[in-house]
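Novice: Which chain is which? The protein sequence lines are A and B, in order. First residue of the first sequence: 1, per the numbering used here; consecutive thereafter. First residue of the second sequence: 1, per the numbering used here; consecutive thereafter.
By construction, these hints were calculated from the structure, which means they are not laboratory data. For every residue, glycine included, the Cβ atom is placed at its ideal position computed from N, Cα and C. Take these hints with a grain of salt, some might be off.
[Said to hold, decoys possible] Some chain B residues well away from chain A (every beta-carbon gap over 10 Å; in silico): (1) D52; (2) I131; (3) T150; (4) Q174; (5) G328.
[Claimed, not checked] If we take Cβ atoms under 7 Å as the criterion, some of the chain B residues that face chain A in the derived model are: (6) M98; (7) R129; (8) M138; (9) F140; (10) T145; (11) G202.
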Amino acid sequence: MAKYIMKRFFMMLVTIFIIATLTFFLMHAVPGSPLESDRNTNETVQANLERFYKLDQPMHIQYFSYMKSVATFDFGPSIKDPNRTVNELLARGFPVSFELGIITIIVAVISGILLGTFAALRHNKMIDYAAMTFAVIGISIPNFVLATVLIQQLAVNVNLFPPATWKSPMHMVLPVFALATGPMAIIARLTRSSMLEVLTQDYIKMARAKGINPMRIVLRHALRNALMPVVTIMGTLLAGILTGTFVIEKIFAIPGMGKYFVDSINNRDYPVIMGTTVFYSAFLIFMLFLVDIVYGILDPRIKLHKKEGDV
Amino acid sequence: MTGKQLAEELARTRLEDGADIDPVDHFGKRGKIVKNNKHKTVTDERILSVEDLHVTFSTYGGTVQAVRGVNFELYKGETLAIVGESGCGKSVTSNAIMGLIQQPPGKISSKGVHFKKQDLTKLSKKEMRKIQGVDISMIFQDPMTALNPTLTIGEQLTEGVKQHKNLSKSEAKQRAIDMLHLVGIPNPDERLKQYPHQFSGGMRQRIVIAIALICEPELLIADEPTTALDVTIQAQILELFDEIQAKTGVSIILITHDLGVVAKIADRIAVMYAGKVIETGDKREIFYTPQHPYTQGLLNSVPRLDLAGGELKPIDGTPPDLFAPPAGCPFAARCPFAMDVCTNVYPEKTALSKTHNVDCWLQDPRAQKLIEERAFAR
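All chains should be built: construct the whole structure from the sequences, respecting the hints.
Specialist: Structural data, given as structure tokens:
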């Protein structure tokens, strides 16, 4: 196991290196610079500023100093807001984004699995049709549309929930709902179809022939096998939720990382772009690694590592 | 008798037979096959009686009449083989007895499926669960798919006894170990922690048998238990059935299309065709004096080593469409001796002996002329 984790860790480093490099060149391929603004600044001032931020140096020198900052995880101060370092921005924004993301994942996974399982157990009955209609709607509506509709209906028209910001559990309801609906619908549909398939398997029939409790058959025999495809797409869903947080944070004025990320790109704020991109990708890669571990736990046939003497 | 005692006694019998030294040293594979020396006793205590069982399935294409009035009985300690080609309703019959038909789309009607004193068709699902796996157990065709890949063998073995017999964890485990001994799996203690994919096909079928036997059922329904196995493993598994029956006195319904298997372990045979039992008899009656043309055709299409130069004679044609089964004898369209009456009216049961029954118009006295012609033609 330790060997496997070491191997994966090395692979993560390589991936992050590639992402950082790509980000750097993409960043510089985009026209504009962090020092440009509408006001006409003095040319000397401009040149001094460029020298200060080392933007006047050749590309490869900039690349190396940039990679050094990635390696040491010290991105220096933001160009637009020189009073704050990038690390401070991350430290402030990440906990909020993390909270939003994790709650969304938990809500999406649990409700998706429940919905899919009930639909499968009541195949072609009312519950099934209702759940699947709900799922199709959930997949079809983009989260930003859902978010604005929710704000209009449940915060403005009916005043059930606060319309924005991130302070109490009540504040969390709308953004989490808006963000979780899509992934939940995908998980529900997938759970349903794979559950229906598993329920026709011989080993389920055999469990029935053994006179095992129906509850136990579903929970112990069927669900574990039916969840394999769900775990497989968790990686993609995680990436989706992560990018979804950018939009949702913006709409609900949630002070998370997404705001800094989007703003930094608009402003060509190079250190902040670097910092947020590397951080996001490292986080996503780590989550994918966790998904792989869960995969191995759910299905004993999948071996993450080769033991001595295994065939 | 506990499983452990059984296992010991089995091992001793094997020694006496000189066929096996110790199952543990052989990794569950017994080289030489012991002769069929059962000391079993078939009693006249009726354990199961199926009367006029009908099973239909509603589909988009119409209603399939999978089983159309099946009657048979089973006595304690007996092995009844149900034979017939694919799609003749063998498995549906066994699933119906076992309560495994989903309703809907399935629909079961009968004059009664009595297991001892109880009518299984009248039980609720909850009451049925107290019989499933406890009094009646089932062995499935394909051991590669019958075991849950994500649960350990130990859990799959013990969950039944734990639920039905309220055994503690350690008692259930001990019982599972005894059962694995009984079916000839070495190192049961360690094997319990393993998953199905760590076993070979033959081993898995032994485990499936162990699971079926763990609650000491009185009736074992084996649905093509050897079809998915290698021929050498098949022989071992059949041997195991014989041994287990000799020791426990369990009654067995063996569903198969393999007449070799039937010849080896059955006492009585029921031949099914197009959802009906067309001929029943004890093993000798069916193999030596088959009366129904279909049974004869079935036997003729089995390769035999003792008849040199013989050609295999397949039965021409295909079984009838069970969406719209024929009014008369379902075999009439393929029968070389078919008469007008055969296509229109289903023949009544003719009893040829205490055990031998056949549904065929050739048994009618008026068909005697045709039988003479047939004999002449041969």
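Novice: Indicate, hint by hint, whether the structure satisfies it.
Specialist: Cross-check of the supplied hints:
no. : hint : result
1   : D52  : holds, 24 Å
2   : I131 : violated, 7 Å
3   : T150 : violated, 5 Å
4   : Q174 : holds, 19 Å
5   : G328 : holds, 35 Å
6   : M98  : holds, 6 Å
7   : R129 : holds, 4 Å
8   : M138 : holds, 4 Å
9   : F140 : holds, 6 Å
10  : T145 : holds, 4 Å
11  : G202 : violated, 17 Å
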